[in-house]
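Peer 1: Sequence:
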Amino acid sequence: VATYTIPAGTPAGAYTYTAVFAATNDVQGSTSAGVAFTVRKASSFTVLVTSSSIQVRGRTPATLTAFVGLNTAAVAGGSVTFREGNRVLATVPVTDGRASLTLPGNLSLGRHRFVATYSGNASINRSTSNPVTVFVVRR
5 VATYTIPAGT
15 PAGAYTYTAV
25 FAATNDVQGS
35 TSAGVAFTVR
45 KASSFTVLVT
55 SSSIQVRGRT
65 PATLTAFVGL
75 NTAAVAGGSV
85 TFREGNRVLA
95 TVPVTDGRAS
105 LTLPGNLSLG
115 RHRFVATYSG
125 NASINRSTSN
135 PVTVFVVRR
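In the working numbering, the protein residues as written are 5 to 143.
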């Protein structure tokens, strides 16, 4: 009996595997029929949190942290893009399932809504967080 484990991180797609038995002096070699299967992309989810929902202009800016989770034991790699509306603030690599961004200290006064989008890859679907709101006020 022979077994084979598909490696973690195998890109999504259709595959066909065969088993090959090499001939010996006493036994003739053979090849099995192909076994077809599909590897699907893992699902991801992104949760965005802020260190403070109020940022006082001219003081320590708030930090956004995106946590990326997967529906598999794999670890998320890739990057997270932080946006305010259509404006990209930064793209940050994911390390240990998270990516962080310190907000600019010169944000205009008022309400700001941010989202984080995980890039995904050949094995993992992308995902976008729910918005997080930060209010910038005068000191």
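FYI, nobody ran anything at the bench for these hints, they're computed from the structure.
Glycine included, every Cβ here is placed at the ideal spot set by N, Cα and C.
One thing to keep in mind: the hints can contain errors.
Said to hold, decoys possible - Pairwise CB distance ranges (calculated):
#1 F41 with V92: 24 to 30 Å
#2 T54 with A18: 52 to 58 Å
#3 T99 with G38: 38 to 44 Å
#4 V60 with P15: 26 to 32 Å
#5 G81 with T137: 38 to 44 Å
#6 R115 with T64: 28 to 34 Å
#7 R61 with Y8: 36 to 42 Å
#8 R115 with G81: 32 to 38 Å
#9 T137 with G62: 16 to 22 Å
Peer 1: Is 16 to 22 Å respected by the C-beta to C-beta distance linking T137 and G62?
Peer 2: holds, 20 Å
Peer 1: Do the beta carbons of R61 and Y8 sit within 36 to 42 Å of each other?
Peer 2: The hinted range 36 to 42 Å is violated for R61 and Y8, with Cβ atoms some 59 Å apart.
Peer 1: Okay, T99 versus G38 on CB: inside 38 to 44 Å?
Peer 2: Holds - the Cβ-Cβ distance for T99 and G38, about 40 Å, lies within 38 to 44 Å.
Peer 1: For the range 28 to 34 Å, tell me whether the beta carbons of R115 and T64 fit it or not.
Peer 2: Between R115 and T64, where Cβ atoms are some 19 Å apart, the hint is violated.
Peer 1: Range hint 38 to 44 Å: satisfied by the CB atoms of G81 and T137?
Peer 2: Taking Cβ atoms as reference, G81 and T137 lie about 29 Å apart, which means the hint is violated.
Peer 1: Could you check the hint for me, namely that R115 and G81 are 32 to 38 Å apart, CB to CB?
Peer 2: holds, 33 Å
Peer 1: Assuming the hint says 52 to 58 Å, is it satisfied by the Cβ distance from T54 to A18 or not?
Peer 2: Taking Cβ atoms as reference, T54 and A18 lie about 42 Å apart, which means the hint is violated.
Peer 1: For the pair F41 and V92, does the Cβ-Cβ distance stay inside 24 to 30 Å?
Peer 2: violated, 38 Å
Peer 1: Could you say whether the range 26 to 32 Å given as a hint is met by the Cβ separation of V60 and P15?
Peer 2: violated, 47 Å
Checked against the numbered hints above, the structure violates hints 1, 2, 4, 5, 6 and 7; every other hint is satisfied.
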